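> If you read the sequences in order, they're chains A and B. Mind the numbering: the first sequence is residues 1 to 113 in the working numbering, read in order. Mind the numbering: the second sequence is residues 1 to 455 in the working numbering, read in order.
Because the hints were derived from the structure by calculation, they are not lab data. Treat the numbers as computed from the prediction; the structure is a model and nothing was measured. Don't take each hint at face value.
Unchecked claim - Keeping only pairs whose Cα atoms sit at most 30 Å apart, straight-line, the calculated DSS-like set for lysine-lysine is:
1. B:Lys228 x B:Lys189
2. B:Lys422 x B:Lys435
3. B:Lys293 x A:Lys40
4. B:Lys421 x A:Lys57
5. A:Lys90 x A:Lys17
6. B:Lys435 x B:Lys155
7. A:Lys57 x B:Lys155
8. B:Lys189 x B:Lys435
9. B:Lys189 x B:Lys230
10. A:Lys2 x A:Lys57
11. A:Lys17 x A:Lys40
12. A:Lys72 x A:Lys17
13. B:Lys293 x A:Lys57
14. B:Lys222 x A:Lys57
15. A:Lys40 x B:Lys189
16. A:Lys40 x B:Lys421
17. B:Lys155 x B:Lys421
18. A:Lys57 x A:Lys72
19. A:Lys17 x A:Lys2
20. A:Lys18 x A:Lys2
21. A:Lys57 x B:Lys422
22. B:Lys294 x B:Lys222
23. A:Lys40 x B:Lys422
24. A:Lys27 x A:Lys57
25. A:Lys27 x A:Lys2
26. A:Lys57 x B:Lys230
27. A:Lys2 x A:Lys90
28. B:Lys294 x B:Lys155
29. B:Lys422 x B:Lys189
30. A:Lys18 x A:Lys40
31. A:Lys17 x A:Lys27
32. A:Lys90 x A:Lys57
33. B:Lys155 x A:Lys40
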Amino acid sequence: MKLIIAYIQPHRLDEVKKCLAQADVGKMSVTNSLGCGSQKGYHESYRGVSFDVNLLKKVRIEIAVNNDFVDKTVEAIIAGARTGEIGDGKIFIIELAECIRVRTGERGHDAIG
Amino acid sequence: MRKIIYVLLLLCVVGGGYAFGEEPTAEANAIDLLREEMQNNINIVWTCVAAFLVFFMQAGFAMVEAGFTRAKNAVNILMKNLMDFSIGTIAFFVIGFGLMFGATNGLFGTTDFMASGVSGDGAHWDWTFLIFQTVFAGTAATIVSGAMAGRTKFKAYLCYSVFICAFIYPIFGSWAWGSLLNGNGWLEKIGFCDFAGSTVVHSVGGWLALAGAIVLGPRLGKYGPDGKPKAILGHNVTLAALGVFILWFGWFGFNPGSTTVGNGEIGRVAVVTNLAAAAGAIVAMGVSWIIGKKPDGSMSLNGALAGLVGITAGCYTVTPVGAMMIGAMAGAIVVFSVYFIDGVLKVDDPVGAVSVHGVCGAFGTLACGLFNAEAVLGIGDANTGLFYGGGIGQLGVQCAGVLACFAWAFGLGLVLFIAIKKTIGIRVTTEEELKGLDVTEHGMEAYHGFQIFNS
Numbered sequence: 001m002k003l004i005i006a007y008i009q010p011h012r013l014d015e016v017k018k019c020l021a022q023a024d025v026g027k028m029s030v031t032n033s034l035g036c037g038s039q040k041g042y043h044e045s046y047r048g049v050s051f052d053v054n055l056l057k058k059v060r061i062e063i064a065v066n067n068d069f070v071d072k073t074v075e076a077i078i079a080g081a082r083t084g085e086i087g088d089g090k091i092f093i094i095e096l097a098e099c100i101r102v103r104t105g106e107r108g109h110d111a112i113g
Numbered sequence: 001m002r003k004i005i006y007v008l009l010l011l012c013v014v015g016g017g018y019a020f021g022e023e024p025t026a027e028a029n030a031i032d033l034l035r036e037e038m039q040n041n042i043n044i045v046w047t048c049v050a051a052f053l054v055f056f057m058q059a060g061f062a063m064v065e066a067g068f069t070r071a072k073n074a075v076n077i078l079m080k081n082l083m084d085f086s087i088g089t090i091a092f093f094v095i096g097f098g099l100m101f102g103a104t105n106g107l108f109g110t111t112d113f114m115a116s117g118v119s120g121d122g123a124h125w126d127w128t129f130l131i132f133q134t135v136f137a138g139t140a141a142t143i144v145s146g147a148m149a150g151r152t153k154f155k156a157y158l159c160y161s162v163f164i165c166a167f168i169y170p171i172f173g174s175w176a177w178g179s180l181l182n183g184n185g186w187l188e189k190i191g192f193c194d195f196a197g198s199t200v201v202h203s204v205g206g207w208l209a210l211a212g213a214i215v216l217g218p219r220l221g222k223y224g225p226d227g228k229p230k231a232i233l234g235h236n237v238t239l240a241a242l243g244v245f246i247l248w249f250g251w252f253g254f255n256p257g258s259t260t261v262g263n264g265e266i267g268r269v270a271v272v273t274n275l276a277a278a279a280g281a282i283v284a285m286g287v288s289w290i291i292g293k294k295p296d297g298s299m300s301l302n303g304a305l306a307g308l309v310g311i312t313a314g315c316y317t318v319t320p321v322g323a324m325m326i327g328a329m330a331g332a333i334v335v336f337s338v339y340f341i342d343g344v345l346k347v348d349d350p351v352g353a354v355s356v357h358g359v360c361g362a363f364g365t366l367a368c369g370l371f372n373a374e375a376v377l378g379i380g381d382a383n384t385g386l387f388y389g390g391g392i393g394q395l396g397v398q399c400a401g402v403l404a405c406f407a408w409a410f411g412l413g414l415v416l417f418i419a420i421k422k423t424i425g426i427r428v429t430t431e432e433e434l435k436g437l438d439v440t441e442h443g444m445e446a447y448h449g450f451q452i453f454n455s
């Protein structure tokens with residue numbers, strides 16, 4: 001079991017969800033996040049005072065998958081999120097020690113479903 | 001036979017002439033009375049409607065100030081707006097109105113406290129006048145809260161609210177507007193022109209705001225160690241924009257309402273007011289665009305208000321073209337004034353109240369001496385504006401009024417705020433300021449259930 005964490009551009013979320021659905025990945029959790037990477041920041045001004053914004057608005061997607069789904073999921077995220085510009089995001093994959101479905105108490109492979 | 005007919009006709013004409021000659025006087029008198037009564041009622045209705053529009057400006061101020069400050073202080077700024085009007089209303093009723101419009105002792109009025117001597121007669125003008133003047137006093141009072149946002153002790157602000165509507169605003173007002181009822185002020189005697197209150201209302205509020213912001217000091221984090229100003233972002237420009245539109249709407253009561261007469265002048269003053277606001281917004285946008293490379297939303301919103309404050313003094317006496325010039329100049333002035341107060345004076349005014357109301361109010365008052373065109377408009381015998389051949393006399397009088405206002409409001413403001421500082425304290429503690437006044441002063445949040453991302 002793996003936990004896939006992806007940071008993507010907020011405006012690519014719909015496309016990523018569509019690609020994930022096509023790859024038969026229907027379970028995920030999504031949160032707003034702030035982050036910075038090679039995109040650096042941008043310049044804003046407010047009432048004549050200018051300042052740099054270097055934490056940019058991103059969307060964080062978490063998906064727990066069984067091992068046979070890892071590649072399909074990653075490919076789907078890339079297909080949906082890539083624009084080719086700096087700032088498209090990153091995907092992290094980490095080992096998942098356990099997964100338990102609260103309703104039934106199922107564990108592991110079945111709980112991820 | 002013919003002769004008889006002629007004689008009869010002649011008799012008819014003469015007789016008729018007699019009949020018409022006598023009855024019309026009575027009839028004309030009745031018509032005159034009726035007309036007078038109707039005009040009186042129209043005046044009352046219009047002035048009341050205008051007063052209600054001006055009251056709605058309180059909502060505008062509340063939204064502008066809440067929008068331009070941080071989410072953690074939203075309840076606090078709304079409470080200040082609610083309380084300065086509520087306390088101000090009562091203070092003005094009990095003390096202020098009499099000081100402003102009572103029979104004067106040369107410096108302030110001494111009669112008419114608590115609407116004494118006003119009858120219940122439906123034709124009576126004084127009730128209407130009282131509500132109209134009350135909402136004006138409330139406007140002056142509420143200007144100050146924006147400049148003192150985010151760091152003022154709530155108790156200190158309540159204290160201030162009593163003094164502005166009880167003493168500071170009414171006494172200056174009596175100098176310029178006292179004769180609207182039973183008073184007679186020295187400024188109006190020398191011909192000071194401030195039709196709807198660029199100085200009497202807005203500058204008084206603006207200069208008090210300046211005094212308050214100076215005594216308070218800047219918000220934590222407003223100035224870096226090098227003294228450079230930093231941006232502390234308002235949390236909701238949408239609310240601020242709503243507030244500006246509400247204020248613009250309310251100004252159609254503020255300026256055209258100040259005619260207090262239900263006739264075509266309402267339309268004329270409304271046109272002039274609207275032109276100045278539009279010009280102010282456009283020019284402020286242009287100036288901020290040139291300086292900052294982008295059309296700044298918050299500056300453009302301030303620009304509309306600057307145009308409105310600027311035209312308030314001259315809205316009855318300048319031409320539409322003059323109004324556009326005044327609005328445009330106010331729109332430019334407000335941008336530079338914000339830069340100057342923020343970056344050079346280093347006085348922290350989160351919403352730009354000093355620039356919009358103090359500086360543009362003073363400018364608008366001076367502009368009467370430049371743009372007044374009474375003869376062109378057909379409301380007077382001679383133009384008093386310098387640009388319309390009226391010479392420099394009026395400008396001198398306007399200068400006197402502006403200086404008197406600054407000395408009175410700013411001077412007394414410093415005394416008042418320093419006195420408050422020495423007694424009950426004016427500023428919250430550092431921890432309270434960092435945590436936000438909503439939680440520490442009021443024990444509640446404005447946006448419960450929302451995730452707020454800034455400090």
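> Next step is simple, just say for each hint if it's right about the structure.
Hint by hint, here is what the structure shows:
Between B:Lys228 and B:Lys189 the CA atoms are separated by roughly 46 Å; this puts the pair beyond 30 Å, and the hint is violated. Only pairs whose Cα atoms come within 30 Å are accepted, and B:Lys422 paired with B:Lys435 is accepted, the gap being roughly 24 Å. With a C-alpha separation of about 21 Å, the suggested pair B:Lys293 and A:Lys40 falls inside the 30 Å cut-off, and the hint holds. Restraint check for B:Lys421 and A:Lys57: the C-alpha separation of about 42 Å exceeds 30 Å, so the hint is violated.
Annotation: proposed proximity of A:Lys90 to A:Lys17 holds, straight-line Cα distance about 16 Å (limit 30 Å). For the given pair, B:Lys435 sits about 18 Å from B:Lys155 by alpha-carbon distance, which is consistent with the 30 Å threshold. A distance of roughly 39 Å separates the Cα atoms of A:Lys57 and B:Lys155; the hinted pair therefore is violated under the 30 Å criterion. Distance check on the hinted pair: B:Lys189 and B:Lys435 sit about 52 Å apart at the alpha-carbon level, beyond 30 Å; violated.
A hinted pair counts as satisfied when its Cα atoms are at most 30 Å apart, and B:Lys189 with B:Lys230 does not qualify at roughly 46 Å. The straight-line distance between the Cα atoms of A:Lys2 and A:Lys57 is roughly 26 Å, inside the 30 Å bound, and the hint therefore holds. The suggested pairing of A:Lys17 with A:Lys40 holds, with an alpha-carbon distance near 26 Å, which does not exceed 30 Å. In summary, the hint linking A:Lys72 to A:Lys17 is supported, as the alpha carbons are separated by about 13 Å, within the 30 Å threshold.
The straight-line distance between the Cα atoms of B:Lys293 and A:Lys57 is roughly 24 Å, inside the 30 Å bound, and the hint therefore holds. Our distance criterion of 30 Å between C-alpha atoms is met by B:Lys222 and A:Lys57, whose separation comes to about 24 Å. At roughly 64 Å between alpha-carbon atoms, A:Lys40 and B:Lys189 are farther apart than 30 Å, so this suggested pair is violated. Between A:Lys40 and B:Lys421, the direct Cα distance comes to roughly 45 Å. Violation of the 30 Å bound is thereby established for this hinted pair.
In summary, the hint linking B:Lys155 to B:Lys421 is supported, as the alpha carbons are separated by about 11 Å, within the 30 Å threshold. The suggested pairing of A:Lys57 with A:Lys72 holds, with an alpha-carbon distance near 26 Å, which does not exceed 30 Å. Between A:Lys17 and A:Lys2, the direct Cα distance comes to roughly 19 Å. Compliance with the 30 Å bound is thereby established for this hinted pair. For the hint pairing A:Lys18 with A:Lys2, the CA-to-CA distance comes to about 21 Å; that is within 30 Å, so the pair holds.
Of the pairs offered as hints, the one joining A:Lys57 and B:Lys422 is violated, with about 45 Å between alpha carbons and a cut-off of 30 Å exceeded. Note on B:Lys294 and B:Lys222: the hinted pairing holds, with a Cα-Cα distance of about 22 Å set against a maximum of 30 Å. Between A:Lys40 and B:Lys422 the alpha-carbon distance is near 48 Å, which puts this suggested pair outside the 30 Å criterion. Restraint check for A:Lys27 and A:Lys57: satisfied, since their Cα atoms lie roughly 23 Å apart, inside the 30 Å limit.
For the hint pairing A:Lys27 with A:Lys2, the CA-to-CA distance comes to about 13 Å; that is within 30 Å, so the pair holds. Using a Cα cut-off of 30 Å, the hinted pair A:Lys57 and B:Lys230 holds, with the two alpha carbons roughly 21 Å apart. Our distance criterion of 30 Å between C-alpha atoms is met by A:Lys2 and A:Lys90, whose separation comes to about 16 Å. The hinted pair formed by B:Lys294 and B:Lys155 fails the criterion: a straight-line CA distance of about 40 Å is larger than 30 Å.
The straight-line distance between the Cα atoms of B:Lys422 and B:Lys189 is roughly 38 Å, outside the 30 Å bound, and the hint therefore fails. About 28 Å separates the Cα atoms of A:Lys18 and A:Lys40, which keeps this hinted pair within 30 Å; it holds. Straight-line distance between C-alpha atoms of A:Lys17 and A:Lys27 comes to about 10 Å, which keeps the hinted pair within the 30 Å bound. Of the pairs offered as hints, the one joining A:Lys90 and A:Lys57 holds, with about 14 Å between alpha carbons and a cut-off of 30 Å not exceeded.
A hinted pair counts as satisfied when its Cα atoms are at most 30 Å apart, and B:Lys155 with A:Lys40 does not qualify at roughly 45 Å.
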